[in-house]
Amino acid sequence: MQVRNILRRGLAAATMIMIGLGASAQDRFITVASTTSTEQSGLFAHLLPAFEKATGIKVRVVALGTGQALGLARRGDADVVFVHDKAAEEKFIAESYGVKRQEVMYNDFILVGPKADPAKALGRDILEGLRRVEAAKAPFVSRGDKSGTHAAELRYWKLAGVDLDARKGPWYRDTGSGMGPALNTAASMNAYILADRGTWLNFKNRGEMGIVVEGDKALFNQYGVILVNPARHTHVKQADGQKFIDWVVSKDGQQAIADYKIGGEQLFFPNAAK
Amino acid sequence: MNEISASLALALDLVAGGESRLAAIVLLSLKVSLGATLMACALGMPLGALLSVGRFPGRRVLIVLFNGLMGLPPVVVGLLVYLLLSRAGPLGQFGLLFTPTAMVIAQTVLVAPIIAALTRQVIDDEWREHREQLRSLGASRPRAARTLLWNARFALTTAALAGFGRAIAEVGAVMIVGGNIDGVTRVMTTTIALETSKGDLPLALALGVILITVVLTLNAGAYLLRQWAERRWG
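Line by line, the protein sequences give chains H and P. To get our numbering, take the position in the first sequence, counting from 1, and add 13. To get our numbering, take the position in the second sequence, counting from 1, and add 870.
Worth flagging that the hints you see were computed from the coordinates, not collected in a lab. Among the hints, erroneous ones may be present.
To be clear about the criterion: a stretch of chain P counts as covered by chain H if any three or more of its residues have a C-beta under 8 Å from a C-beta of chain H, and this derived list gives those stretches [as the list claims (entries may be wrong)]:
1. 876–889
2. 951–965
3. 1043–1055
4. 1063–1070
With the C-beta cut set under 10 Å, the calculated list includes, among others, these residues of chain P facing chain H [as the list claims (entries may be wrong)]:
5. F968
6. P1012
7. L1073
Even glycine gets a Cβ: it sits at the ideal position worked out from N, Cα and C.
Please build the complete structure, drawing on both the sequences and the hints.
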């Protein structure tokens, strides 16, 4: 009896502590699973206060790679996804996890590398640039984390006709990390890396790195927004989630996206369907 | 070297500036980790004491188990608690994921074995010393466990501090179950990870300096309190 008493008292104390901690006010909020590029570029910090002001709804952003963000939403742990991998997004909809995909904005990918450019990859052609990096066996850092940027990188290698499975060597460094950590790694080993412009512009630890390839149409990076299917996950905050989607594609939301600049440079270009 | 001294200066600036966002992050860190430590003490100390004085089948297995669990990887705990609290998981209906409560739960799981194992160690010594005396008084084993816990209360602060140190320093578990949401679940360690991601290494290190200072101050406070209490009631 006494053993149980001791344990029961411990449990009771633990429960009291939990209740004490949990007793904070509940705000009206939605959870958005998004990508590290939107969070780390500072876009959300600029965008969300305007949305909150317009609607009174707080947005809680969980920033992950696109693959991970979609996985989170599949389990019902987010109300809205805001990501950038069209193929994966369409699969998400086809599997009925999401209601409808709407395009919001785009930015572009850039090939970043050492300013000395040992692979002579400088130019406007991403496929040619990658071919030269591979030919020179210059160090290349890959996200390797199933993010939107990682998916794009693999797509470019394929289009460039480089069979990674066969050519992968010590020059190709699969880091399995987010955009920022991967940039840190690339900076410290003077490697080439495919990055999104937003994260790059907001990135401080550039070392000897600069932009090597930019401006290729193929580098276009489209962001989409999707409401998680309430038919699949009944707790999804359908009305408030839809409000967020309606706002980011509205005139106000699109203007707010266009207004976000770092050092005078616009990071994201709104392109929602009218 | 330059970067490190710049970080120290930046840390001073940040503290002197008294930025309310920084204060909120530090407070949340303390709230979550102190909460988890209290929970873990409430669960782990009775358990540790019973493991010490109790004699039951499977006791040795449990002792080895708790010793081993002291080395639980935070990211595994995070993942486990995430799967439990996720909407698709068994406790999904409570909607606890991405809340400070979820972070307390994860850190409790992480810290409770440490406190249980260290408590058992402390009580073992006490038990060896007082066993005859307690027996002659006719105390049952659970009764003895309680008495010994009370006797060892000053020594047990070290166990609590070890647990707290583990909780406040880890990033893997709170990152997964908290989601590092700005203003909701962002704590010191996840902020440091985020700033490192952004490549702002001086700021990241400055935040690290602040975190270490907070932990040291708390430990110093606990030490002084213990000395004072021992003099007064010991």
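| For this structure, which hints from the list above don't hold up? | 1
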